[in-house]
Each structure stands twice: as structure tokens, then as C-alpha cells.
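Chains as they are written, first to last, in our numbering: chain A, 1 to 326; chain B, 1 to 494; chain C, 1 to 652.
There could be a bad hint or two in this list.
BS3-like, lysine-lysine: derived pairs with alpha carbons at most 27 Å apart [to be verified]:
no.	chain 1	residue 1	chain 2	residue 2
1	C	Lys-198	C	Lys-437
2	C	Lys-227	C	Lys-255
3	B	Lys-128	C	Lys-105
4	B	Lys-7	C	Lys-105
5	B	Lys-5	C	Lys-105
6	C	Lys-251	C	Lys-297
7	C	Lys-378	C	Lys-256
8	B	Lys-237	B	Lys-282
9	B	Lys-257	A	Lys-111
10	C	Lys-177	C	Lys-218
11	C	Lys-609	B	Lys-234
12	C	Lys-251	C	Lys-303
13	B	Lys-487	A	Lys-111
14	C	Lys-233	C	Lys-281
15	C	Lys-140	B	Lys-237
16	C	Lys-140	C	Lys-560
17	C	Lys-140	B	Lys-257
18	C	Lys-303	C	Lys-177
19	C	Lys-140	C	Lys-227
20	C	Lys-255	C	Lys-140
21	C	Lys-218	B	Lys-257
22	B	Lys-257	C	Lys-609
Some chain C residues close to chain B (C-beta under 10 Å, calculated; not the full set) [as the list claims (entries may be wrong)]:
no.	residue
23	Arg-79
24	Trp-102
25	Lys-105
26	Glu-116
27	Leu-117
28	Met-519
29	Thr-532
30	Gln-578
31	Val-585
32	Leu-634
33	Leu-643
34	Leu-649
Calculated from the model, a selection of chain A residues having no Cβ within reach of chain C, i.e. all distances over 10 Å [what the hints assert, rightly or not]:
no.	residue
35	Asp-94
36	Gly-96
37	Gln-107
38	Glu-110
39	Val-161
40	Asp-175
Read the hints as simulated data drawn from the structure, not as lab findings. This structure is a prediction, so every number in the text was calculated from the model and none was measured. C-beta atoms are modelled at their ideal positions from N, C-alpha and C, and glycine is treated no differently.
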Amino acid sequence: MNLAYYPGCSGLGTSREYERSTRAACTALGVKLTDIPDWSCCGSTPAHALEHALSGALSARNLVGAAKVGCDTVATPCPSCLSNLKTARHRMADDGFRAKVGRLLDQPAEKLADLPDVQSVLETLVTRVGLDAIRAKVRQPLAGLRVAPYYGCIMTRPADVMRFDDPENPTSMDDLLTALGAEVVPFPYKVECCGASYGVTRRDIVARLSGRLLGAARDAGAHAVVVACPLCQMNLDLRQTQVEWPGGRAVDMPVFYFTQLLGRALGVPDAELGLEQLCVDPAIAFRRAAQAVAARQAEEAALAAKAAAKAAQAKQAASANEGGRA
Amino acid sequence: MPVLKGKELRVVGFLCNWCSYGGADTAGVGRFSQPTDLRIIRVPCSGRVDPMFVVKALLGGADGVLVSGCHPRDCHYSQGNFYARRRLETLKTFLPALGIDPDRFQYTWVSASEGQRWKNVVSTFVEKVHQLGHAPRIEEAAPYLPLAEKGDTLPAPLRPLAWPAAGTLTASLEQLREKIRAALPELDCVIGWQQGFDALHATPLFMRKPEDVDKLTWGPLNVHNLATYLPQFKNRKVGVVVKGCDSRSVIELLQEKLVEPDNVRVFGMACEGVVDVERVRKAMEPAEGAACTDVAPAAVAVEGDGLAFEGDTPVRLKLADVVAEKCRTCDTPVPLLGDVVEGNASAPAGPGPDAPPSLEALDAMTPEQRRGFWRAQMDRCLRCYACRNACPMCVCRDHCIAESRDPHWTTQEGNVREKLQFQVIHALHLAGRCTECGECQRACPVNIPVLALKQWMNRSVLTLFDYRAGVDVNAVPPLLAFAVEEKNIKEHGL
Amino acid sequence: MRIGVFVCHCGSNIGGTVDVPGVAQVARAYPDVVFSSDTMYACSEPGQAAIVDAIREHALDGVVVASCTPRMHEPTFRRTVERAGLNRYMFEMANIREHVSWIGKDREANSNKAAELVRMAVEKLRLNAPLYPKSFDVTKRVLVIGGGVAGIQAALDCADGGIEVVLVERESTIGGKMAKLDKTFPTVDCSSCILGPKMVDVSQHPNIRLYAHAEVEKIGGYVGNFKVDVRRKATYVDWELCTGCGLCMEKCPSKKSPDAFNEHVGVTTSINIPFPQAIPKKAIIDPTSCRQFVKGKCGVCAKVCPTGAIRYDMEDQVVTEEVGAIITATGYDLFDYTRYAEYGGGRYPDVITSLQYERLLSASGPTGGHVKRPSDGKEPKTVVFIQCVGSRDRSVDRPYCSGFCCMYTAKQAVLTKDHIPDSRSYVFYMDIRANGKMYEEFTRRAMEEYGVQYVRGRVSMIVPQGDKYLVRGVDTLLGEQVEVPADLVVLAVGAESSHGAPQLAEKLRISYDNYGFFMESHCKLRPVETNTAGVYLAGACQGPKDIPSSVGQGSAAAAKVLGLFSRGRLESDPQISQVDVRRCVGCGKCITTCPYGAIEWMELRGEMKARVIETVCQGCGICTVTCPQGAIQLQHFTDNQILAEVNALCLS
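From just these sequences and the hints, can you work out the full model?
Take a look at the structure:
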């Protein structure tokens, strides 16, 4: 597997911590990431909303670049970049479209086979590295941490393009977090929209939708929400004080990138994971986790004490009988 | 009947009654105009269409042939079109061997409600036929007989052909004889080879008593495929000695239940190639200008990779130069079943040529040359049916379809067309069954490379069905079976 | 031969673009043609009379009619020549209308083509031979596979018609899905009340032999003479002795056995009688949960059974029945709704299927007819019904409409109101298909009288929220998204073919479509027949349908069988293959390739030859192509006959 890495524009901007933690976690796992030389923006929503060939060209430029440095797969952490790159590749199967895109590129792709596969970093970790390998490298299990995994709306859809996990009820992040020692709570809003870029133009929509997500996490007893998308993270974390909490009960709900928790579990120092960039204090989640662990330990101790006392009592009664008989 | 001059070409259609004929009717009801060239023959099912009907039409002067049936899975008789698909696709890949443009033959699927589709099918196909023009008749092709005949520029054989030293060979042969003697009491007879009427020939040997076994020989003169005799021994227990190629014929016979496994015992050893007697004769012919006499040496001895002939003029020939064509590309030197004496078969030196020599030669010709080639070869053909009689898979004997009046597929006229039709019948009947033992070619008294047609057919079968005859006793020849989804048969866009 | 050619004008249909008299004239010169004429309408009464007269007058022994497609009038003209004393197979048609006059206007080309087609017909006719149908005996017994309402109706009608019926049912009781219903639309009749008496009739009818808990294993033979192996699966209770008293059920300690009859809402005992009106009303042990089988010790039922009917060592038994016809009425199964992950994918206990809900509504169900949520047993106050779950949805490969779900949803909504007067029901629908008698009126009542809230739109997601379920959908008529907090969600799951249907179809040699529904002969005109002689269809196995349609088809299939048997002996179509034993070398290739198993081995003077079973051969001709010697020939389409047409065209 020759993995090219496509960070995406927000990775160097508003989701710096996602970038940093992804690289750090990959290093800790021994996954080599090859940067695509002179990579450029995939075009995101503006491009594909304007003209498919333009969007295809902007994405294909990066795919060709990856192929040129010998990579057979491009992994990207951002679902929007993922969607653009993958859709472009999917469309390039059609000779006509490939030719049309080729006319916009200095270095067009001759055949579909020249273009590398595209995956999310999550898919790469779960399918190529494997949960067993990751589990083996866990140094600091996320004991006691109850998490609500939130995939966002585009990571698994459209299903016939993304071809990853169940589009309505994905479980790969659940499995990954479980392998890291965390406890995943039932979260019915895994693939529901957070409001996306309406955070800028229609904040009321984000307030309602993101509020609903956070409320559900709260009601499920999660200590934190775990995301894989910079825009989701921004809506849930940055705008947490602006959302409408169902029932009116706002709590502090830290929102982690899954790579941050992955890095932490692998023993990567917090400084390299960009935890300080999170708006809602992540320490809240870890405190809750610690409390949960302590509570469970106390409960177990109490049960053990009870059992011991009962056993002692029984022993006493037995020996009393013995004595009596003797 | 001659076609309407200048307007039409002869296009024959075979349509299944339930779907395609209905589709053509629907096109008529809808008044969809079509070119007038097509003449429709109604059959109950596309599975009724014998590929030979297509060949007869094309060789008989048709410029195009169209077959149409129900869509696969919708056959009125549930499986007819699955068989049709296999047979007709095989035929389509075979037609170029005769120099016939495969675009002149199309098969497709049209349902009874698809009137518009039928109109498009007919219009497209007839237009294509008009583009190709009048089909050239094989009787009128310019004869083409390339002079590069046997022996001149042959590729190196697949394996370094070299028989083991005389001592080793004798020891192995004695082992073989022991096995046969031990089995004789339970068997009617065991068929093998013995030294023949002259030093250059072996002949079949029917061993019934232990003394007979002493006469068994093993060497490059054992050219005959003795499996041919097996079907005649029905209900009797018989043994047969085989080379590797012969063993495939035995497997094929078992597969088709033409021999009972309980009634046949197979014996064999590794074989390093058998001679092509014609090549030996040619190599031993006296110098040009001298009298051409029938050459038969006094004795023949195998020496490693050569043959030494004792006679008026002792000659040593390299085995690789005189060995039969089929041995060049042989990859089964050791019999695949039976009581096999461990021999010293050499391993292949490397990957074989893409095609055996005759087939390569045929491949290299243009369609026009191929027509000329077969015209010339069929001119020489005596219609003696030796090729058929030598074939182990031809069990029809006196009931051969080429000699019958009912059904009356070919006349007994000695013209090129009728003779070629027989060759095509033979090749089609052997599709998926021929093990390329080469007996047909060896038996031909005028050395027509008839094996090339079967080799072409086998190549089609291998490409289409991943199938090789005579390898697995439990396999079913692909044309006697079908698959609902065919991996290698793609829609033809008609 | 003395052949007569009749070229038809068909008014101006043919005469308009074909020189009909010219073609007739050309045909007069064809070999063996002694009479040729043109006629205005060959199929009309005078037209046919002219043919009959010509045959008699000119002593014709073969006739060619050049007119429309044989698919239309071949049977007509065959009868015509038969009236004149000829064998019906001494007749050929040339299609010069659909294939010539209607598809082009070039008169010269059309007339030439017509003449050539007539020539081809003449050349074939010269090789035609008279063919005579044969008659054979028929076993006047019928096998009905499947004891649902369609199978029950078919069995009763056949039995009342005087023929013996063998009814094979896979479950341990007949009744099928209808027995699981509480009430039926549109009358809200109690299902067991109307089905029960029919089930009892089946068990008591002297002409019906019922094999329950049995499956058809092998089918051999042909129409009129089928031989069927039925595997009677072990019930571990001797049904000859069992009285259905139910004492074993009361005492059985293993109470967590899967309850398939109640659609796995709740559990049952390992030994059980599925429901009180079961026919046969006999107990059956589930060996996967029974303690005696799993752990080796219990035996309580054996101890308490008053007739000593328990048989732990019982084995399957195979019986062979001979029948003359088979009716398959194997019904349907429900779509697996767990494929919709957005509806919980099976993880939410209070999201259930319509049939599970039916069991909750039923007084003989696991809750005694009290509607209770499976999760906590509480009565739901808000019930949401979602229609088209697994129907009309290409994304789950079910594009078809199941036909009865709109109706049963309305019924269930009505019943919900009856059971829980202060409840509120919502139905999310795409369209309402209420096309039967009184159906539309019934759905209207649900909406207007029973206050069921119909919302036109699909449901995108069901989200658990506390102890309720938030059902999020859309109301397209209002143009708004809606959310309903439901206590219970009932999914109107679609119908699919019964499991094991394709395998059974292969045993029966009938076709089935992509979805496993059996193929009828003609979707409009022959809905209960198949292309295999002697095999008929009834009910949902042919396609989803409601009870009246299933019952109707059951009777229709019975009528076909009674008609088949009415003649005592059957006639076989002579257009079949025949073996020339002189040419057959016994290679057996034809036997391998026949799709119908219509060719068998025969010993003739010590040699094995092939023989065609005349009643099974359908006349496809695959064997004729397969045979290397041409020993087996499809009559009326022999190699020589087809070659005659090819040679007429090609050899100039």
C-alpha cells in the first residue's frame, strides 16, 4: 500500500488539530504518508455546484499528482474532499467525461486505472491497518470514556460512490473507539446533518440541527462526541453555546476528532494532538471518564466486600455447626 | 433463387416462434418499415438452430445470416436459448477459420413485444451486410497453397524431446508388460502396439495371451491412438495402452459414457514424441533427380534425441525435426489416468507458442487467403473419411451424418463446398470434445492439415468456456451444458 | 405430391403492396404445385370454402396459404384442411403480410419476396409428413403443494369435483398466512372464523389426504403420470395417537422455544400446538430447544401424555404418491425489514412488522389480543404505520407493489382504535391502492370515521427518544417535514416469494422471475397455468395478491385440473421429437440436454437406445441439434424440412 495524503484546505486552517492529530496517530501506527507534491484545493462545494468538469479537474489534478509519486491510494481526513476526489474518480470511468476533464489539465489521466483509489483516513485505518493491529498498539486505553460517534452526512453517502460501511448505520468508528477502550453509547443521529455551512448564512438551522445532535448525545449519557469532519466539529464545538439544546438543558460536551482520541490512546503526547484548539474543554470529558472509572471501581469494591462478608459469615456458621456437632 | 439484382442481398433469418417471430409480427403490425432482404425461417426455439444451418446458408451463397430468439431466462422452453447462445457464439468465433467474415452472422434476442427493436435489428444488420457486399464464394476463391510446408521453419518443441537410453526404456517396457500380463486374465484383450510391416511402422496389437504381450513395443513409432477401438468393445472388459495424448481421449470417452469405467483398464508410460512418417520419408528421400521410391529402412533405433535408420544409406535424424506436429506443443507426456509406469518425461523448457504450427499458419493468413487455402485443400480431398474413422470421438460410424440421406445434410458430390461442409460438421461435432490427438491429420492420405480446424475450435472453446477436453472425467463438454450468466460471452450490440 | 397454393389479398393489406395474382402465377410453376390461386380473404368463410373445394376438386394432398402470420391463423387453416380430409400437418403458411406487405412499399421487391417465401413454404411442405396425436392414460389424482387459503380452496374444489387430492404443507398446520391474521379487510371478518371451517373441511373430506409438516422432495414423470416423493418430517409425536389435548404444552418446562407462528413476538414451549384452531390439531416438538433432545434429560411430555403419543426416536419418512396434475400454492414470505437501517434495522423492540402486530391484535396471540409494546408491555397511545417497507423501492431491489399492504394497514389502524379507544394512529403512505370491491370505502372509513391520520410522505428515520420513537417523515401535501413521537411503529412490509420457491420451481420444471414468483403461461389470459403441462399455479406464489384473488385462483386452478381429467385420456401434441432407432448409437447426449427430462433409455435387442416420452416432450428441438447422427428429429421441424427452406433460398 503506497499511501498518499491529501490534507485538504481546512486542514491547514480551521481544523489544524485534525491535521496534526492525524499525522501524529499515523506516525505512531507506523503508517507512512506521502504528501502529494503541489497539491491544490479540490474545489469543495463551490466547484461541483458550478460545473462538474471543473470539479473533476480540480480533484483529478491531485489524483494524477499522487499517481506520479507512485501512490496507489489517496487518504484524506476531510469528508468533503473525500466526496469530491472520489466522485471525480467515479465519473472518470466514463471515457467522455475523462476526455473533457483531460482538456482542462496539463497532465491528464489516460485511463481510469492510472488514477489511485480514494479513501477516508478512517477507512484506511479500519480496513488497511486493521483493528487488531491498532488494538495491539494501545498504551493508554480510553477507560471509562463514553463516546457518541458522529459520522456526518457525507462520509458514507451516496452509497454506490463511497462504498464504505453501512450508509444508514455505519459502525467503523464505533469499532475503532471500542478497540481503543472507550464505551460507545447508542447514538441514533450518526449520519444526520449538523447544518453544514449554514453556520454562516442560516445559523438558526445549525442551532436546531446541531442542538438536536448534542441533545441526543447528552441523553445517551455520552461524555463526548467524536467526529471525523472539520465542519461538523466546528458546528458542534465552536457553536456549542449557540445551539438550541432540546429540553433547554445545556451541558458541556467536548467534541473530539477521532484521530485525537486515537493518538491519545496510542500514547501520543497531548501537545501533538492539538487538544488545546478545542473550544469546549476536553479535560471535562477525561474527568468524566475518570469519575466513571472510579465509580465503577468503588462499586466493584463494595460488591467484593459484600461477597467477602457473606462468605465469612457462611464460614462462621459452618464452623459453628461443626463445633456444635463435635 | 437469385436475389433481386442490384437491390437485395441474400439474408436468411432463423427466428424462434414464441418471441422473435412474434416480435417481427409486432414490427409488421406497427408498420415499421424495414429493408426487404431478410427471408425468415420459423423454428420453435433458438435452441433448434443447428450451427450447421448457418454454415450451409453461408457456404451456399447467403450474404448474411441472422438468428434471433427469446431473451436469456425467458425461453419458452426454459433452456433453449442458453444452448443456442453457446453454440452460436462458438460458431461465430469459428467462421473466420474458413475465411468467412464473422460480421455476416449475428445472433440476438428479441421478445414478442419488441417491434421497434426488431426493426432496428433488421435495418442495422442488413445495412451491415450491404456494406460488406456480396459474400465471396469459396468455390471461386483463388487457390492458395503456401509452399512453406512441413519441416522448413518450425518452432522449437515445447520440451526437449529425447527418449531415454535404450536400456532404461527396455526396463520400463518390461515393467509395463508385467502389469499387462497380471491383468490379462480378467480382460478380453489388451490393445497395444507391435512392430509393423516395416521398420518404419508399428501396428496395433491385440494381446489375449501372455505370449502376445512379449510383442508389445514402446517408442516413437507408436503413432496410433488406440482409444479409437474402445467404443467397439462395449460390454466387454478391455485394456488399452496409451500415450499421454491418448489418455485424454480415454478420459473424454469416459466423460461421455461411451465406455464404462468398470470395463476399461488403462496402461501407459511417458512418451517423448512420435514420428510423422511423412516427414521421415521426406527427410530420407534420395537427392533431387533420383528415382522416388518408397523408402523403408531396414531397422530404426532411438538414440536419445534422434532416430537412427539402418538401410541402404544409414541416416540419423533429429527427433525434433521429424516428430509429429502435435508433439511439439504437447503438455501431457504422461498419461493422465491408469496404471502408469514411472517414466522419464522431460519437463517443458518454457511456455509454448501461442498456437500450434498449423494454427499459426492459418492465423497468419488473410480471410481471402484462408478461403483460397481451403478451396485448394478441399480440391485435393478424396472424401475418404479416413479422418473421421481415425477419430476416437467419432462413434457414429455407419450412421455418420455426412453420409446419410435422412437427414440429408450434404450430398455426395465431390465439390469443394460439400467437402468443406463435411470438415465443418466434423469440427463442430468435436467442439469441446476434441483432445487434439491429431489422428485425423495423420490418417489423411493427402496430408490436408485438418487438425488446424479442430485446433481453432478448441481455442474458441478455451476462450469462451475455460474448458479443455479430456482432462476431467467428471466434466461435461461445454456445448452439452449451459450457464445462465456466461462470463465470456458478451452482447453483440445488435 | 399435389400441392395447392392460395395467395391472399387480405383486402388491400397485402394486395396494396404485393402483386398477389402475380405471386400465385409464379407459384404455379413450383415443383409439385398443381393448383395455385389468389383469394381475397383466405380466412373468411368463402375463402376457407374455396380451399376445401380446391382440395377435393384437384385431389390436393398439401396446402400452402400465403397470408398473415401463422401465429394468428395457422390453427384456423389447419382445421380447414382437416375438414377437407387432410392431415392438419400437411399445411404450411407463408407470412407475406406482417413480414412483407406491412413493412415496405416497394411493390417489385415485396412481390419477389412473397414469391420466395411461398417457394420456401412449398419446399418444406414437400417434406412434411402426416402426424397423429396419441392418447394416454391419466392418474386422476392431484397434488396440491401448500395449505394456505389458495391451496385449501383448490384442494376443496378438486375434492368436491370427485378427484383425490394429496395436500402437502410445510408447516405443521395448514392455514398459511391467513391463519395468522386477526381480521380481514374490507369486512373486518375474523380470519379464523372464515378460514377455520374450510380447514376443518379439508381435514374431514374423504377425498383429501393431508400431509402436514411435510415437503415435496422429488418430482418425476409427466402430465397425467407424475410420481412425487413427499418427505414427512419427524414431529416426534405420533399423530395417530395425539388427541390435541394440549396437556404436554401445559407441562413442558422449556418455555423459551422460538415461536414462529406468532412471528417471534414472545416465545412458546418446545412441544406445542401452534394455535387452537390448527389443522391437524396435533403437537410437534422443536428438537433445537427441547431439553430431551438438547440435554438428554426431561421426558415430561412423555410422562403426562394420556395416549402415550410421544416418540423421541421418530425419523423422517418418505412416501411416494402418483398424481396426474400438480397445483402449486406455496404463498409468500415477508420482506426482511432489517435491511432498512434507518428504521432501526431490527434493533428497536417497538418497531415491528405488520404480521407481528397482527399477532398482538389477535385474541389467540401471545398477548391475548391486548396490544402491548414488546419492550415494556405498556399499551401504546400513539401508533405510527409506515407503508411500502420493501415495496416500490428499487434501492432494496423490490420495485413492485405488494398489493395488499394499503388495505391491511387501514384495517390494522381501524382495529387499533377498537382496541385502544384513546389511541391515535398515523399512516405514512405514498399512494393508497384500494382497488377491490368495497376497498376504497373501507380506507375512507379509516380516515373519516376512525380518525386515522393519513400523511402522504415517506419516513426517513426512526429515532428512539426516551421510551418513545421519533418518526421523522414528510407531508408532501402540506410541503412540510413532520415528526411523530410514537409509542409503537408498525411497518407494512412487502411480500416476497416463499423461501425455497426457486428450488421447488426447478423440481416442477417451471420458470420463475427475478423475485422467485412463479411464471404463468400468459400474464393476462392464462394466469393459473404454467408452460409445463400438468402444473398449475394458485395464489401469492404467482405474485402478491389478496385473499379474494387467491381464493379465485385456487378455484381456477382446480377448474383447470378438473378439465384436464374430464376426458379420461389425454392427447399428446405430435409435434415432438422422435428417435430413429436404426440411427441411434446410444451416446445419451440428447438425454443430457433435454430440459424436460423427456428422453429416456430403452433397451432394444441388447443395445441401449434413446426413446422420447411423448407426453413430456414439449417440442423445442434442442435434442435434434445435439444428436451427432441426426437420429432424433423434431417432427414437423426436422433437419430435412428446415434444410429444404435453406436450400430453396441459397442453392441457386
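Against the structure shown, which of the earlier numbered hints fail to hold, in ascending order?
Hint check: 2, 8, 9, 15, 17, 18, 20, 23 and 30 fail, others pass.
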